[in-house]
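The primary structure of each chain is shown beneath.
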Amino acid sequence: MSNIKVELKKPDVDKIKEICKSFNNQPGELINVLHKTQHTFGYLPAEVQEVVARELNVSVAKVYGVVTFYSFFSMIPKGKYPISVCTGTACYVRGAENVLDEFKKNLKIEVGETTGDGMFSISCLRCVGACGLAPVVMVGEKTYGRVAPEMVSDIIKEYTNQK
Amino acid sequence: MSGYKIHLLVCGGTGCKASLSTAVVENLNHEIKTQGLDDFAQVVTTGCFGFCEKGPIVKIIPDNTFYVQVKPEDAREIVEEHIVKGRKVERLLYHDPDKETIVSDSKHMNFYKKQVRIALRNCGVIDPENIDEYIARDGYKALGKVLSEKTPEEAIKLIKDSGLRGRGGGGFSTGMKWELAAKNISDEKYVVCNADEGDPGAFMDRSILEGDPHTVVEAMAICGYSIGSNYGLVYIRAEYPLAIERLKTAIKQARDYGLLGNNILGTGFKFDIELRYGAGAFVCGEETALIHSMEGSRGEPTMKPPFPSDSGYLGKPTTVNNVETFANIPVIINKGAAWFSSIGSEKAKGTKVFALAGKINNVGLIEVPMGITLREVIFEIGGGIKNGKKFKAVQTGGPSGGCLTEKHLDTPIDYDNLIAAGSMMGSGGMVVMDEDDCMVDVAKFFLDFTVEESCGKCAPCRIGNKRLHEILEKITKGNGTPEDITRLINLGTVIKDTSLCGLGQSSPNPVLATINNFMDEYTAHIEDKKCPAGVCKALMKYEIVDENCVGCTACARACPVGAITGERKEIHHIDTSLCIKCGACIDRCKFNAVIIK
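Line by line, the protein sequences give chains A and B. Be aware that the first sequence starts at 316, since it is given in my numbering, and climbs by one per residue. Be aware that the second sequence starts at 472, since it is given in my numbering, and climbs by one per residue.
Bound-form chain A, shown alone (with noise of 0.2 angstroms):
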């Protein structure tokens, strides 16, 4: 999972040192900084945090152990467009399972993976929320409410038909 080699550019680390710095360097805000930086980069890679850590003055095993801790931070790229299904209780009493079959059958990857071409990753949440609507399915920033497995394989087509 971790064999993604980054190599990172000035600028990169340059935009890194700054987001440590907007928050004074301060070894407490390392969560805040992991946020704003994943929201830079899409994704925390390695070679990411070894920045963060020497900038914050804490060890990569630190931030390492945090950025692992909360399924928020990711340590791969997502996908153009991200796809996440909702696996919340009420979600699942009214079919999120089959769903995400579904999805993981058409896509041929699994959850936390992202398809060779970079275009989907799958992804699991728990609860958005919308449970009037449930199963939920969010693509990106759109929602899609009582989605069935029938309704996936043209959910996808109309991302890859946008290219």
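Heads up, some of the hints might be wrong.
[As the list claims (entries may be wrong)] Facing chain A, a subset of chain B residues (Cβ under 8 angstroms, in silico): (1) S764; (2) A826; (3) D908.
Hint data in this document are derived by calculation from the structure and do not stem from the laboratory. Beta carbons: idealized from backbone N, C-alpha and C, even for Gly.
Model the placement of chain B on the given structure of chain A, informed by the hints.
Only chain B this time, still in chain A's reference frame:
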């Protein structure tokens, strides 16, 4: 809000937004403009109305007309008919399924009749991004009253007398919590609002923050004054972008109005609020874990004592309260402890917000007095079970709770009764299940969640839950033995007794509660190798009913593994050793000849 004669309130909660309520607002605004009604009617985006099942909701004030499932293209008709001609658009009104009547005023809807809205008082009523609307509904009056008329001790006594207990799950007396922090002498103290709502199927905190963020700001300032703190922190899920935006707006407006800052209302009291973001860890709902996360570390809980009221954020005395708890505070101050404690049951005062979800007709957010029965909630407010199916169970308390069944339907809901029934209040999620849900599978689903969310610090939770999950997996695959039940019970009890924090102490609840209430389903899985609800795939068997099969070959052609054989116009057969149970044959058969056994 003055000037305008008519207000069109449109729900801007997450659920309705997902059903295009933003476009409804745009189109309504456009229509009002084209009709030249700008000075007469105003569109207001509000917080959640609660009736998410039928969203997006549009409510017209002053006549209280309640339109449901409004589509963007309905905007013209609403403006032309209702606003201009004063005729209600009947097809958009709510149809009462029981009486087959049309209800136009939300007050008369079953969904709202039994509700008492205290914490949700402003949700769906005001524009959450406008502080003036909050003030117009007695907003910040309680803060003014406390600062000018009451000593901190008096304020705490009032909250204590009201009987308010924490709404986040623990049910600890809020006034007592404040008192403990107030007693500690320290140069710095902190007020923390726990908005890290993590229970799948519960979304009340988000709805309050989205629909009425000022109530939290006001309550935190009151708490700050009472315990002697000048600094508030809201720990909020990063996955709630809308709630974060609205809260930020509210804090800024409060600062501009002098309701936060160095000299609040000229009394010299100093208080300000900052946000801290969660990053998706369920265990951070536990207060010590939450505090570690706010300090930038892994959100792992620590032993109590020391309690946060003695040593919390940065080692200083800290009070942690949940969003819904805070939302009650201003009303209690304004209306008094006696008023509040007159609502609810003997041991639990006030109301509780529940998120109704699952196989129920009226999915949504409700606020009801403590002591109401499950029957009233599910069958009256919730409108009963979807598609006329049979009620089986309701899961309360999320993954840490348990399920309640038919026999608990008339139990009054409060903290102690739910615990006695093998469940808990939790944050207020209620997921309803019907005859099609397999309780063994449901228990496995919740353990899936706990295994994933266990922080790994203590062994009983980290290892024990994993083992519980494996045993359940074995049972749902048809490999269970009668001894497995004893193992589940013994192991579950040990995990409950020995785990470090609330997560582990409650994680076996779903397993123990389902064994308790649905032993017959476990037996069916273990002894008969059958899943009565037809959920566990490994236990399903597909068969063709000879009498119904006409030999059309549709199923055989649909089967991806060639497990179905049979000549044209002859009865077909399924080779169960080849069958992968995908269900393609069932979907294809027009004669109901394929069944699952």
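Results for each hint:
no.: 1; hint: S764; in the structure: holds, 7 angstroms
no.: 2; hint: A826; in the structure: holds, 7 angstroms
no.: 3; hint: D908; in the structure: holds, 6 angstroms
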